[in-house]
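A.B. asks: Taken in order, these protein sequences are the chains called A and B.
Count the first sequence with this note's numbering and you get residues 1464 to 1760, in order.
Count the second sequence with this note's numbering and you get residues 1464 to 1760, in order.
Check each hint, because a few of them may be wrong.
As the list claims (entries may be wrong) - Partner residues are not named here, just some residues of chain A that face chain B (Cβ under 8 Å, in silico): (1) 1489; (2) 1505; (3) 1625.
As the list claims (entries may be wrong) - 30 Å max Cα-Cα, derived DSS-like pairs, lysine-lysine: (4) A:1715 - B:1629; (5) A:1657 - B:1657; (6) B:1629 - A:1629; (7) A:1657 - A:1715; (8) A:1657 - A:1520; (9) B:1549 - A:1657; (10) A:1549 - B:1718; (11) B:1657 - A:1629; (12) B:1657 - A:1592; (13) B:1629 - A:1477; (14) B:1715 - B:1549; (15) A:1715 - B:1549; (16) A:1592 - A:1657; (17) A:1466 - A:1549; (18) A:1549 - B:1657; (19) B:1592 - A:1718; (20) B:1592 - A:1629; (21) A:1520 - A:1629; (22) A:1718 - B:1549; (23) A:1718 - B:1629.
Just so you know, the hints here were simulated from the structure itself, not pulled from any lab data.
Just so you know, even glycine gets a beta-carbon here, dropped at the ideal spot from N, CA and C.
Number of protein chains: 2
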Amino acid sequence: MEKLFGILEAGGTKFICAVGTGPGDIRDEERFPTTTPDETLSRTLDYFRRMENRHGKLSALGIGSFGPLDLNPQSATWGFITATPKPGWSNTSLASFLSESLGVPAFIDTDVNAAALAESLWGAGTGLKNLVYVTVGTGIGGGVLSGGNLIHGLVHPELGHILLPKRGDDAFEGNCPFHRTCLEGLASGPAIQKRWGIGGGNLPPHHPAWDLEAHYLALGLQSWTLSLSPEKIILGGGVMAQEHLLPLIQTKLLKLLGGYIQHPLLTQERIGEYVCAPGLGTRSGLMGALALAMGLH
Amino acid sequence: MEKLFGILEAGGTKFICAVGTGPGDIRDEERFPTTTPDETLSRTLDYFRRMENRHGKLSALGIGSFGPLDLNPQSATWGFITATPKPGWSNTSLASFLSESLGVPAFIDTDVNAAALAESLWGAGTGLKNLVYVTVGTGIGGGVLSGGNLIHGLVHPELGHILLPKRGDDAFEGNCPFHRTCLEGLASGPAIQKRWGIGGGNLPPHHPAWDLEAHYLALGLQSWTLSLSPEKIILGGGVMAQEHLLPLIQTKLLKLLGGYIQHPLLTQERIGEYVCAPGLGTRSGLMGALALAMGLH
Chain A
1464 MEKLFGILEA GGTKFICAVG TGPGDIRDEE RFPTTTPDET LSRTLDYFRR MENRHGKLSA
1524 LGIGSFGPLD LNPQSATWGF ITATPKPGWS NTSLASFLSE SLGVPAFIDT DVNAAALAES
1584 LWGAGTGLKN LVYVTVGTGI GGGVLSGGNL IHGLVHPELG HILLPKRGDD AFEGNCPFHR
1644 TCLEGLASGP AIQKRWGIGG GNLPPHHPAW DLEAHYLALG LQSWTLSLSP EKIILGGGVM
1704 AQEHLLPLIQ TKLLKLLGGY IQHPLLTQER IGEYVCAPGL GTRSGLMGAL ALAMGLH
Chain B
1464 MEKLFGILEA GGTKFICAVG TGPGDIRDEE RFPTTTPDET LSRTLDYFRR MENRHGKLSA
1524 LGIGSFGPLD LNPQSATWGF ITATPKPGWS NTSLASFLSE SLGVPAFIDT DVNAAALAES
1584 LWGAGTGLKN LVYVTVGTGI GGGVLSGGNL IHGLVHPELG HILLPKRGDD AFEGNCPFHR
1644 TCLEGLASGP AIQKRWGIGG GNLPPHHPAW DLEAHYLALG LQSWTLSLSP EKIILGGGVM
1704 AQEHLLPLIQ TKLLKLLGGY IQHPLLTQER IGEYVCAPGL GTRSGLMGAL ALAMGLH
């Protein structure tokens, strides 16, 4: 009999729960808003219990979650959300709580590490061992696969919070509560909204907001290219739904690298193979949670 | 009989050649200036041939080299120095030339990746699987061990060339020919010399040069901490011989991280365990080349 897996993409705005046996066989899916930990986790448990009644026992649960997370398997708080700015959620047990309540093994990683994994298995980076997945939306975060392993070290990558040079014509003071003018503080969805007084979804494609947005994102990509040496950088998230943004970022990245790194993909002709959209659309995170449950990390 | 290894640290200024059976048993060592590729590689071959006459056949050769390097084992130019700004050295075969001439297998990586490996085996990061080694000298470069593997992806890390915000009181225009105000352009030894008109070795410890230098290096460390999530960052190279610099960098890094990443080492009490000097002093690169020869990568 095929194994049935529990799948959870735990986002700061919504939780997406699903069950399935593989990426081509998702049997059920449900989403609900992220409210308090008590309410949200009860609803999650409830969902998986209903699914077990209907489809049979789960073999494992995979969780891709917002963070920061404790991913140290030796730690007493493994699988906890640690000190998050999200009210009420600091020090919340996610993985061990769900694992113990359901009586199934749980695997957890950041939502973006999970997305990077899924894109390397079934998406735009299939077969690659070194790739970066970045989401640009309410926040900016990234997951990294390096040498075939998802990066965990002191903690896990937090790609959105690197400090950047502000462009001379940008008077916006940045809105990251920790760093002001880090990438997230300058280029997240809320930063666009606050700088221009209009959300990105309502700014026309030729508005100067996009040139500036592409500039800051390209600065991030310049830094990740040099630090992480990925074979591909995949850009997802709500802001990237603006399709005119991707070619702008590609061109600006090449300019910022200044020809220092020589590689056939780092050319105007082939940059689209290096910086691209997710192959799994908006489902990289959910598919990544499935991959974790399947033990493919 | 113990295996004898050939060891080469190929630097842009000098080559260091050695033979030995392990880190505690270096049998001979010689250094000479890096001139033309022909002359320098002849001298290198000559050295290892003399050593074979004296000590017997080498089992393998390990090379830590300046770069950029082609480290793709599938490439026809594997082990070549690729497009380096160093005159005459672009497209120089290092690993296969020496391997074929000596009739021994050769292993090659960047000098800084080699140094990171050695520090994880026998130095300040013994036992760690995630660490960064950075050299601050004529240039700024870094090697990265992630999940126990040296990072190779599209190419290899080039940590010194990330773009940084210039500090408001710094009028220096930066001296990186590729990026002007990247970390190397703002904080390498030659950048200090050019900005202040005096080399770092002749600037007193309380000179404002050091506060600025620590600021830029801390910005680099902030970025690497967030992108690479290492368990330790080891700072070597000629500029770091100024011992008053390390505590300044440690304090400034904590300030720049702004409490966003929570970890016991990221505190004023324990930051010295996270950012520290090499355990192998100035020999991390050479010991790394030995580790490559020994197949410990």
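A.B. asks: Can the hint on residue 1489 of chain A be confirmed by a CB-to-CB distance to chain B that is less than 8 Å?
C.D. replies: 30 Å, violated
A.B. asks: Decide if the proposed pair is consistent with the structure: residue 1718 of chain A and residue 1629 of chain B, CA atoms, cutoff 30 Å inclusive.
C.D. replies: Holds, at about 19 Å.
A.B. asks: Is residue 1549 of chain A close enough to residue 1657 of chain B, meaning Cα to Cα at most 30 Å?
C.D. replies: 46 Å, violated
A.B. asks: Hey, residue 1466 of chain A versus residue 1549 of chain A, does the alpha-carbon distance stay inside 30 Å?
C.D. replies: 35 Å, violated
A.B. asks: Can you confirm whether the C-alpha distance between residue 1629 of chain B and residue 1629 of chain A stays at or below 30 Å?
C.D. replies: 9 Å, holds
A.B. asks: Tell me if residue 1505 of chain A is really an interface residue toward chain B, meaning its C-beta lies closer than 8 Å to one of theirs.
C.D. replies: 27 Å, violated
A.B. asks: Check whether the Cα positions of residue 1657 of chain A and residue 1715 of chain A lie no farther apart than 30 Å.
C.D. replies: 24 Å, holds
A.B. asks: Hint check: is the beta carbon of residue 1625 of chain A less than 8 Å from a beta carbon of chain B?
C.D. replies: At 4 Å from the nearest chain B Cβ, residue 1625 of chain A passes the 8 Å test, so the hint holds.
A.B. asks: Is the straight-line distance between the alpha-carbon of residue 1715 of chain A and that of residue 1629 of chain B 30 Å or less?
C.D. replies: 20 Å, holds
A.B. asks: What's the verdict on residue 1592 of chain B and residue 1718 of chain A, does the C-alpha distance respect the 30 Å limit or exceed it?
C.D. replies: 34 Å, violated
A.B. asks: Given the proposed pairing of residue 1592 of chain B with residue 1629 of chain A, does the C-alpha separation stay at or below 30 Å?
C.D. replies: 34 Å, violated
A.B. asks: Residue 1715 of chain B and residue 1549 of chain B were given as a pair; does the straight-line alpha-carbon distance stay at or below 30 Å?
C.D. replies: Given that 30 Å is the threshold and the Cα spacing comes to 33 Å, the pair is violated.
Consistency with the previously given hints fails for numbers 1, 2, 5, 8, 9, 12, 13, 14, 16, 17, 18, 19, 20 and 21, ordered from lowest to highest.
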